[in-house]
Amino acid sequence: MATALAKAEQAQTVEYAARIERVSKSFAGPAGQQLVLDDISLDVAPGEFVTLLGASGCGKSTLLNLVAGLDRPTTGSIATHGRPALMFQEHALFPWLTAGKNIELALRLKGVPRAERRGRAERLLELVRLQGAYGKRVHELSGGMRQRVAMARALAQDSRLLLMDEPFAALDAITRDLLHDELTRIWTETGLSVLFVTHNVREAVRLAQRVVLLSSRPGRVAREWRVDIPQPRRIEDAPVAELSLEITEVLRGEIRRHGQH
Amino acid sequence: MASTETGTAPDAGSVEAGLDALETAVAGRPPFRQTFVRKILPPVVATAVVLVVWQALISLRIVDDPTKLPSPADVGGEFRRAWLEGKLLGYIWTSVSRGLLGFLFALAIGTPLGLLVARVRFVRAAIGPVLSGLQSLPSVAWVPPAVIWLGLDNRMMYAVILLGAVPSIANGLVSGIDQVPPLFLRAGRTMGATGLKGAWHIVLPAALPGYTAGLKQGWAFSWRSLMAAEIIASSPDLGIGLGALLENGRNASSMSMVFEAIFLILFVGIAIDLLVFSPLERWVLRSRGLLVKS
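Chains as they are written, first to last, in this note's numbering: chain A, 3 to 263; chain B, 3 to 296.
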């Protein structure tokens with residue numbers, strides 16, 4: 003793990019999976035232009051796992067949409083290699099296709115030839131430990147299984163960067179714990195870069211190598227922590243709890259400022 | 003830390019397998035007995051009750067005028083005669099072939115029209131309201147102008163069917179497309195499904211439930227407009243369809259022939275719906291988990 007970290011740090015100087023440079027975003031609101039993101043700069047190194055943490059209104063989902071290319075920043079620039087894959091809080095699987103065909107559609111849109119699709123879809127399902135689910139309809143799967151198929155579909159896009167927008171927020175606690183383990187395992191196995199948005203401090207610490215705290219209204223980078231606790235971690239581990247406590251204090255301080263005027 | 007490192011990986015997999023098994027619902031086909039009692043028996047009973055009441059009205063002389071209400075046996079005799087003369091299937095086929103061919107035309111016109119209205123803002127603003135309005139215009143209103151423009155032939159029949167069915171089909175597709183969840187479009191866009199690819203892989207399949215509902219209604223409208231056209235516009239060149247049979251029965255003051263025609267029209271409408279459109283709609287909804295088993 004330590005060597006992987008060192009490698010990631012070394013690579014950061016020469017390359018990046020995503021480079022967010024001085025990005026601001028404002029939307030037309032009822033009270034004129036409303037600034038949502040203010041001058042955000044952030045690099046995600048190849049193979050790095052970064053969580054964006056913040057309370058409501060910090061614009062973390064807006065930032066993720068910008069990185070995904072679904073929207074454009076008002077000022078500043080965002081660079082990625084190719085189109086990043088994006089996972090949502092809702093699984094967003096297409097109900098008219100089976101689990102396997104959902105993955106194959108991603109492969110097809112990526113230009114993978116027909117003959118290879120089935121085999122690759124099955125391997126991706128194995129990666130998320132759903133080998134039997136190829137022919138299952140979306141409504142026949144549990145919430146956790148749907149998110150794993152969604153993860154397999156995102157991986158099918160074969161991009162170097164995976165964006166995750168609170169993907170586990172709607173799951174029950176037991177399933178969420180398991181999916182944390184799965185995500186860590188898959189991240190370790192594939193060497194993907196991950197930018198993971200959450201409002202759950204422990205989840206952020208459990209998963210990431212780096213936690214970036216955003217302040218709210220407008221969203222700015224408030225502080226950053228490196229997480230050097232070795233993986234696989236568990237959410238109950240003492241060092242995870244300790245760091246979570248520290249981050250929570252800072253987060254609460256940020257939130258408190260909004261009540262003072 | 004070392005103990006968790008060795009412990010989590012295989013453990014997580016087996017726990018997950020257990021959780022998956024717990025959370026996956028077990029579903030099977032209901033036994034035939036249950037289908038029979040719930041689905042087949044009720045309509046059979048209802049039909050039997052109607053026949054019994056009908057026969058009672060005749061037998062008890064509550065209605066004692068065969069020119070107003072013929073007995074079930076008279077109507078049955080009418081069916082038997084038409085069958086023995088070899089005309090019964092001819093009546094049905096004349097109307098059904100017209101109806102289905104007209105419906106296929108309506109499909110070919112209504113689908114691209116619906117796509118245009120749904121996707122092009124100018125077209126929607128221009129003809130969207132008219133298209134919705136046309137649905138409430140009884141298609142029988144089109145029969146007189148169609149006869150004047152096209153004369154008493156099959157073209158006029160098809161024109162009336164089209165004017166009845168195209169708005170339903172187009173509107174069904176429009177509302178189907180309008181109801182596509184934006185999340186699907188976003189998910190499609192991150193996967194590279196934009197423009198025509200997005201329409202083909204995401205928008206159209208996502209709009210299928212609304213579209214099939216439109217098709218079902220489009221068929222009902224086709225059939226109704228066709229019957230109206232056949233009743234009003236009869237001519238020896240047109241052959242005898244079910245609407246013409248009804249009109250002939252009225253002219254001959256034969257109430258049993260009128261009943262025969264009404265039963266046939268109902269029967270064909272129900273049969274096509276049961277054989278084609280209901281299975282299609284159920285298949286679309288069931289494959290998406292939108293059909294709640296009752």
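A portion of the hints provided could be inaccurate.
What the hints assert, rightly or not - Per label pair, the in silico range of CB-to-CB distance:
| no. | chain 1 | residue 1 | chain 2 | residue 2 | range |
| --- | --- | --- | --- | --- | --- |
| 1 | B | L185 | A | G134 | 41 to 47 angstroms |
| 2 | A | G134 | B | R82 | 54 to 60 angstroms |
| 3 | A | L247 | B | L187 | 37 to 43 angstroms |
| 4 | B | S16 | A | S43 | 39 to 45 angstroms |
| 5 | A | A30 | B | N156 | 53 to 59 angstroms |
| 6 | A | G121 | B | N156 | 51 to 57 angstroms |
Unchecked claim - Below, computed lysine-lysine pairings styled on DSBU-like, alpha-carbon distance capped at 35 angstroms:
| no. | chain 1 | residue 1 | chain 2 | residue 2 |
| --- | --- | --- | --- | --- |
| 7 | B | K89 | B | K41 |
| 8 | A | K103 | B | K218 |
| 9 | A | K138 | B | K199 |
| 10 | A | K103 | B | K70 |
| 11 | B | K199 | B | K218 |
| 12 | A | K112 | B | K199 |
| 13 | B | K89 | B | K70 |
| 14 | B | K218 | A | K138 |
| 15 | A | K138 | B | K89 |
| 16 | A | K138 | A | K112 |
| 17 | B | K41 | A | K103 |
| 18 | B | K218 | B | K89 |
| 19 | B | K70 | B | K41 |
FYI, nobody ran anything at the bench for these hints, they're computed from the structure. Small disclaimer: the values here were computed from a predicted structure and weren't measured. Backbone N, C-alpha and C define an ideal beta-carbon position, used for all residues, glycine too.
These are the hints, each one checked on the structure:
no., hint, in the structure
1, L185(B) to G134(A): 41 to 47 angstroms, "27 angstroms, violated"
2, G134(A) to R82(B): 54 to 60 angstroms, "58 angstroms, holds"
3, L247(A) to L187(B): 37 to 43 angstroms, "41 angstroms, holds"
4, S16(B) to S43(A): 39 to 45 angstroms, "43 angstroms, holds"
5, A30(A) to N156(B): 53 to 59 angstroms, "57 angstroms, holds"
6, G121(A) to N156(B): 51 to 57 angstroms, "54 angstroms, holds"
7, K89(B) to K41(B), "33 angstroms, holds"
8, K103(A) to K218(B), "28 angstroms, holds"
9, K138(A) to K199(B), "25 angstroms, holds"
10, K103(A) to K70(B), "61 angstroms, violated"
11, K199(B) to K218(B), "27 angstroms, holds"
12, K112(A) to K199(B), "12 angstroms, holds"
13, K89(B) to K70(B), "25 angstroms, holds"
14, K218(B) to K138(A), "28 angstroms, holds"
15, K138(A) to K89(B), "50 angstroms, violated"
16, K138(A) to K112(A), "23 angstroms, holds"
17, K41(B) to K103(A), "34 angstroms, holds"
18, K218(B) to K89(B), "29 angstroms, holds"
19, K70(B) to K41(B), "34 angstroms, holds"
Consistency with the previously given hints fails for numbers 1, 10 and 15, ordered from lowest to highest.
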